[in-house]
Amino acid sequence: MRGQHSARLALAGAATFGAVMAYADPILQQTPGTFGLPGLIDMPTAESAPEGTLGATLFRFEGGLRMTATFQVTDRLSGAFRYSRVPDVFTGGSDLYDRSFDLHYRILDEKGWRPAVAVGLRDFVGTGIYSGEYLVATKTITPRFKATAGLGWGRLGSNGDIGSPFGDRPPLDFGEGGKANTDQWFRGPAAPFFGLAWQATDKLSLKAEYSSDAYDTETAAGTFNRDSSVNLGFNYAINRTASLSGYYLYGSEVGLQFNLAIDPRRPVAPSGLETAPLPVRPRPTRAADPEGWGSDWVNDPEVQPGVQAAIAKALENDGQILESMSLSTTRAEVRVRNERHLTQPQAVGRTARILTRAVPSSVETFVITSVANGIPTSSVTLQRSDIEALESDAAFKMLRTAEFSDPLNGPDEGLVQTPGVYPRFSWALTPYAEMSVFDPDDPVRADAGLQLKGRYEFAPGLVLSGKVRKKLIGNLDQSTRVSDSIVHHVRSDLVEYQKEGDPALHNLTFAWYSRPAPNLYGRVTVGLLERMYGGISGELLWKRVDSPFALGVEVNRVKQRDFDTLFSFRDYETTTGHVSAYYDFGNGFHGQIDAGRYLVGDWGATFTLDREFANGWKVGAYATVTDLSSAEFGEGSFDKGIRLTIPVAWVTGQSTRTKVSTVIKPLNRDGGARLDVEGRLYQTIRDTHQGDMQIQWGRFWR
Amino acid sequence: MIGRFPARSALLVSLSVLLAACGSDRSQTEGGRAALGAAKTIAAKMRAGKTPAQTPDPEQMAAAAKASFDGPLILAQIENTGLMTVLGEYGRNGPVRTYSTPNKQTLSLRGGVLIASRGLGFDLMSSDTGNSVALITGRRSGTSDRSYRYLDGEWRERPLPMTCTYQPGAAKTLSFAGTSYATVQIDETCLAKGQSLTVTNSYWVTGNGTIALSRQWIGPALGHVTVQLVRP
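Those sequence lines, one after another, are chains V and X.
Number 331 in our numbering belongs to position 331 of the first sequence; there are no gaps in the numbering.
For our numbering, add 1000 to where a residue sits in the second sequence, where the first one is 1.
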């Protein structure tokens, strides 16, 4: 029958497990307002999205356009980043393109008669067209009916104010923008707002509000009529991810909004469509296999090569490479590179099962060592009898028996390299796309083309690699933006590289990865390190296999590359480097601090906080503060951005280590810019260490 | 046989794989392949309504499988999808036998009771059977704790604890794949602890404790599978 395939396809469409298991959602769900965070229409509510939810909204009306990305950072804290267009209000009557950040914090939960209470800051850094603060309460009246009332300041206190309880609001001194306007918060006139939300059907909710926003700027520019303070709206859930909202605003305008809400805990695909692993093969009894249980086989020179070849073959079928192996009467160690499985426990679990099928019976201890970029990064020691006994048991039981250690602390005599593993050449021809957003002249530009990557590994840890791109279609070269930066253009000439680099040799490097001592990792990279810089980069990382903490040092001597992105250089040379501290807080949060000298010679530090999910999703934000003045930095005052990583397997269910990562930077300036060298050590080794493996251990028997 | 694929679509697929990504570096190309797989999924779903599903003849499938495979065999059908396939024994660990399709999708049975699946998507990772296997194969009434384990949306393993009751029912003689079995029906009703979820499984058990036919629950997403013994 033609079935196996289509069956899997049908399974992929089945309801997700989570949906069936337990999702006691409240009947009236929160829906986003026009500013992206949970709200009525223009006014906020005291609600929050489910923890971890990533949202995106696009709102269009006569008074402008708002694109907002939101993230529910913790159960109580939400954040938003917005790119907006407000017509005709900028100098000379042109449109204002602006980026803004919001924070929203739920102080109190709803309990008994008490409503939920939240406090929020809108557009609290930057040029502040939407700046406003609020204190808001929301109460569930019936399961389908909620009422909200609040008090707003700033823009939210501009209509119908009741005076200024906390004093006057000083004028905004935004300079180059990018600074928090703290002295304005909760100052000036305060005005009440209120509203109602009603869940009419499972998919449709209706909203009404009395707005405290006077729309002074827009009305003055003549682009907007504010005839009433009452707004009406609906939200229609298209599916569990997408919804559509429509509004009748201020008695004169119509607005339309499209919303996406993605919960990283609810994958698009099933928990994995990979084929089944090889099952454990328990050992025969000593009586049935006296030879295997004995010790004489060790002296047979044909045993290890035969066993190693069989394991190498089985691993290759499983998307893994056996780099080397040692075999004694009681202990077998395999050093394995995982090229397929997203999580290392799955790779280790499959390797363990393969070992039970190939290694002589007398061997009780299996040491499975993960290899990344040719260097051994962690060893998991398992007892064969545990593997045999726990194959059909809870994964955590196997975890309890597993020992994690640094391979350098174990014996390394007797390791035999698998014949034919080195030298190793691999290549890939894949499509690529590059986008530029937030350019006021043309908010979205893009290029697409082909990219060829090659990688030649001479020996373990010695890698020659390169990447070349050829554009096929796109309009990035049509940008007329010229960098206005008054410091050396270390990053802000990106447009020139996009214009002239076709084809572009993005990198061509020779790298050496090493293990100088236990808990220490080293990297030296020379060549064309990245699109804009070439030179030499050296890094040393200290990390214990069982520690959530790591410390690294990186020093680079680099020269700026020519815009044609080939082999010539520009007349700018610098030394840049950082001391980096990494810490896995263990509750889904991960912090990183990089302090040092940046590309333009400025000294400072980058602070990064990531929310990480066990399935590989990461949502993070960073900010870089350096000794470059706001005036030297230019618009935005300092570098900041949001980064996002999504594993492809989350979308497709197929086994792949590929992840899609992106950094959303509102501005691309020269201050606080770091070198972008490939193969940084922490990310190379981290997923094979104990912390990450424990969190992902549920896939061991997968 | 199982998993045969129309030649033309296979060709198309490989061509588009080449277009999407090629190379020997799996870490680079598998993303493209995976994305393409997802596109195919969608395409196949859209086509699915147009091709009338053939109902395969279980007896014929069993006979063909017996002729081509020497080891133990079972025939399984997933109810939600109608997919029917023969699985051959792939591994044995103590009382647990793992059966696989040629496409490496597996079902693991402990004394005939389903305890794990692989390669189906929302797989049953493992399950504790308590004394349910003894009750079922002994054709007795009683109660037992059972626990099913699945991966949640973050791919962490989560248990689904159940309390099950066993009730022998009518006797029935079954004939399949050349063997006749005198069985008694055992019904298993499981209640999830702390949740409003009830699961019913049925087993047709012979006097020596062989489960000749069963209808068992894999999980919330996959639903029930019917398992028939082809060759013990």
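No lab work stands behind these hints, which were simulated from the structure alone.
Please note: incorrect hints may appear among the correct ones.
Stated by the list, open to error - What follows is a set of in silico ranges between Cβ atoms, one per label pair, in the way DEER data are often shown:
1) X:Lys1104 - V:Ala180: 29 to 35 angstroms
2) V:Leu77 - X:Val1184: 57 to 63 angstroms
3) X:Thr1210 - V:Phe258: 38 to 44 angstroms
Said to hold, decoys possible - Here are the simulated lysine to aspartate or glutamate pairs, DMTMM-like style, with alpha carbons at most 20 angstroms apart:
4) V:Lys179 - V:Glu635
5) V:Lys397 - X:Asp1128
6) X:Lys1172 - X:Asp1070
7) X:Lys1104 - X:Asp1128
8) V:Lys659 - V:Asp627
9) V:Lys397 - X:Asp1152
10) V:Lys471 - V:Glu573
11) V:Lys659 - V:Asp263
12) V:Lys659 - V:Glu496
13) V:Lys499 - V:Asp564
14) X:Lys1104 - V:Glu316
15) V:Lys618 - X:Asp1070
16) V:Lys397 - X:Asp1145
17) X:Lys1104 - X:Asp1145
18) V:Lys665 - V:Glu496
19) V:Lys499 - V:Glu457
20) V:Lys397 - X:Asp1070
21) V:Lys559 - V:Glu434
Quick reminder that beta carbons are idealized off the backbone N, C-alpha and C, glycines included.
For each hint, the structure was consulted:
{"no.": "1", "hint": "X:Lys1104 - V:Ala180: 29 to 35 angstroms", "result": "56 angstroms, violated"}
{"no.": "2", "hint": "V:Leu77 - X:Val1184: 57 to 63 angstroms", "result": "59 angstroms, holds"}
{"no.": "3", "hint": "X:Thr1210 - V:Phe258: 38 to 44 angstroms", "result": "58 angstroms, violated"}
{"no.": "4", "hint": "V:Lys179 - V:Glu635", "result": "11 angstroms, holds"}
{"no.": "5", "hint": "V:Lys397 - X:Asp1128", "result": "13 angstroms, holds"}
{"no.": "6", "hint": "X:Lys1172 - X:Asp1070", "result": "28 angstroms, violated"}
{"no.": "7", "hint": "X:Lys1104 - X:Asp1128", "result": "24 angstroms, violated"}
{"no.": "8", "hint": "V:Lys659 - V:Asp627", "result": "34 angstroms, violated"}
{"no.": "9", "hint": "V:Lys397 - X:Asp1152", "result": "18 angstroms, holds"}
{"no.": "10", "hint": "V:Lys471 - V:Glu573", "result": "29 angstroms, violated"}
{"no.": "11", "hint": "V:Lys659 - V:Asp263", "result": "17 angstroms, holds"}
{"no.": "12", "hint": "V:Lys659 - V:Glu496", "result": "28 angstroms, violated"}
{"no.": "13", "hint": "V:Lys499 - V:Asp564", "result": "8 angstroms, holds"}
{"no.": "14", "hint": "X:Lys1104 - V:Glu316", "result": "16 angstroms, holds"}
{"no.": "15", "hint": "V:Lys618 - X:Asp1070", "result": "49 angstroms, violated"}
{"no.": "16", "hint": "V:Lys397 - X:Asp1145", "result": "19 angstroms, holds"}
{"no.": "17", "hint": "X:Lys1104 - X:Asp1145", "result": "30 angstroms, violated"}
{"no.": "18", "hint": "V:Lys665 - V:Glu496", "result": "18 angstroms, holds"}
{"no.": "19", "hint": "V:Lys499 - V:Glu457", "result": "33 angstroms, violated"}
{"no.": "20", "hint": "V:Lys397 - X:Asp1070", "result": "35 angstroms, violated"}
{"no.": "21", "hint": "V:Lys559 - V:Glu434", "result": "24 angstroms, violated"}
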